[in-house]
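Peer 1: Put the two chains together into one complex, using the hints given.
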Amino acid sequence: GAGVSQTPSNKVTEKGKYVELRCDPISGHTALYWYRQSLGQGPEFLIYFQGTGAADDSGLPNDRFFAVRPEGSVSTLKIQRTERGDSAVYLCASSPFPGLAGGTDTQYFGPGTRLTVL
Amino acid sequence: AQSVSQHNHHVILSEAASLELGCNYSYGGTVNLFWYVQYPGQHLQLLLKYFSGDPLVKGIKGFEAEFIKSKFSFNLRKPSVQWSDTAEYFCAVNVRNTGNQFYFGTGTSLTVIP
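So the sequence lines, in the order shown, correspond to chains U and V. Okay, so the first sequence: first residue is 1 according to this note's numbering, each after it adds one. Okay, so the second sequence: first residue is 1 according to this note's numbering, each after it adds one.
This is chain V alone, in the form it adopts within the complex (with noise of 0.2 Å):
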């Protein structure tokens, strides 16, 4: 079936930390990419998304991710975390000409300690 994964479904990671979550899709066709975060007791926001050209794009808060077509993944980096970073992260792939649909992976919780 069909499906946006997420591998790592809590990660708990020092300050300072790099940060790597995984995602891939198995989607065929011209995607459109996601990554949504979810901060404690807000909503949904978009953290970075990737449509076309450079295959690796730069979010807000230092967050950046790579598109590697081969390997139909969109993993979400960020070289130093902080506290504030802690959080659930939403990986979301919508296809394109096949209508607007998103489709969601079950979300990575991030816990950055202090």
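The shape of chain U in the complex, shown without the other chains (with noise of 0.2 Å):
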């Protein structure tokens, strides 16, 4: 089946733009998450929802980025007031569970957004 869908590949901006990034999850996956990646990191976790809720935003770096997911499907990460240091690859990733054994299960990625802020 189909997996995990991100869009756009690439986007560059300029610093103080506002941006958009939006992530298909697998259908059906009930969790979804979005990661940052910045050269030579591993992904860095910025929030989590279970369902249509943001369960989990503690990662979000301050309050220009935020996520929504209104119908429990696509999700959008929007970046206010883009800043140079926020130029990233943008991972999102879906789950079929909310939680195993009290944790996470296997998480899906998305080919990700890689996001140049001029």
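These are calculated hints, taken from the structure and not from any lab test. C-beta atoms are modelled at their ideal positions from N, C-alpha and C, and glycine is treated no differently. Please note that the accuracy of each hint is not assured.
[Claimed, not checked] The calculated label-pair distances, taken between Cβ atoms and stated as ranges, are:
(1) GLU14(U) to SER3(V): 48 to 58 Å
(2) ASP54(V) to THR13(U): 41 to 51 Å
(3) PRO8(U) to ASP54(V): 38 to 48 Å
(4) THR76(U) to PRO114(V): 21 to 31 Å
(5) SER70(V) to GLY3(U): 32 to 42 Å
(6) GLU15(V) to GLY51(U): 41 to 51 Å
(7) THR76(U) to TYR27(V): 23 to 33 Å
(8) GLN42(V) to PRO8(U): 10 to 20 Å
Peer 2: Right, dumping it as structure tokens:
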């Protein structure tokens, strides 16, 4: 079946602009995650949705970052007043389980959106 | 600070050599452990995972990993690597009952020379 998709694949914007990054999870997956991956680093957790609600947004770096998942499927990560330090690959992942044995099961990752802020 | 450490940043091996990539974590409590792999130009994908039971887990493509609780380690191994194993490998930890965050290591780049 179809995997996790993310659009756009690349986004170049100017400092101070607003951007939206979209994630389409695997159909039926209730859990959705956003990560940010900077060059030479592993993915850094941003936010986790269980259904429509943000169950954990403790990884969002500041209030310029916001994410929604209004219908429990597609999610949008929104970044206001972008800064050069926001440049990174933004990864989305979905999982079929909200939590297994109190933790998290396998995540299926999308290809990412490479954001470049000039 | 709590972390996931992958001490080998870049590893270069010849085909048929044995592989061991280190992963240590510093989170307390019960953990779920994962190794993800990213082949050139592809998405991150699961290699193997450990939740409970036998601490030696086997994954795809002949990879295995051993959870040693006393050492807070989850090292990845493969007896004989192939050129197609060239990729970036990430260790990840999920601490049970504290939420659904994944903590990733910085990754190890493996290059296998034919």
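Peer 1: Indicate, hint by hint, whether the structure satisfies it.
Peer 2: Each hint tested on the structure:
{"no.": "1", "hint": "GLU14(U) to SER3(V): 48 to 58 Å", "in the structure": "violated (34 Å)"}
{"no.": "2", "hint": "ASP54(V) to THR13(U): 41 to 51 Å", "in the structure": "holds (48 Å)"}
{"no.": "3", "hint": "PRO8(U) to ASP54(V): 38 to 48 Å", "in the structure": "holds (43 Å)"}
{"no.": "4", "hint": "THR76(U) to PRO114(V): 21 to 31 Å", "in the structure": "violated (44 Å)"}
{"no.": "5", "hint": "SER70(V) to GLY3(U): 32 to 42 Å", "in the structure": "holds (38 Å)"}
{"no.": "6", "hint": "GLU15(V) to GLY51(U): 41 to 51 Å", "in the structure": "holds (46 Å)"}
{"no.": "7", "hint": "THR76(U) to TYR27(V): 23 to 33 Å", "in the structure": "holds (30 Å)"}
{"no.": "8", "hint": "GLN42(V) to PRO8(U): 10 to 20 Å", "in the structure": "holds (18 Å)"}
Hint check: violations occur at hints 1, 4; the rest are consistent with the structure.
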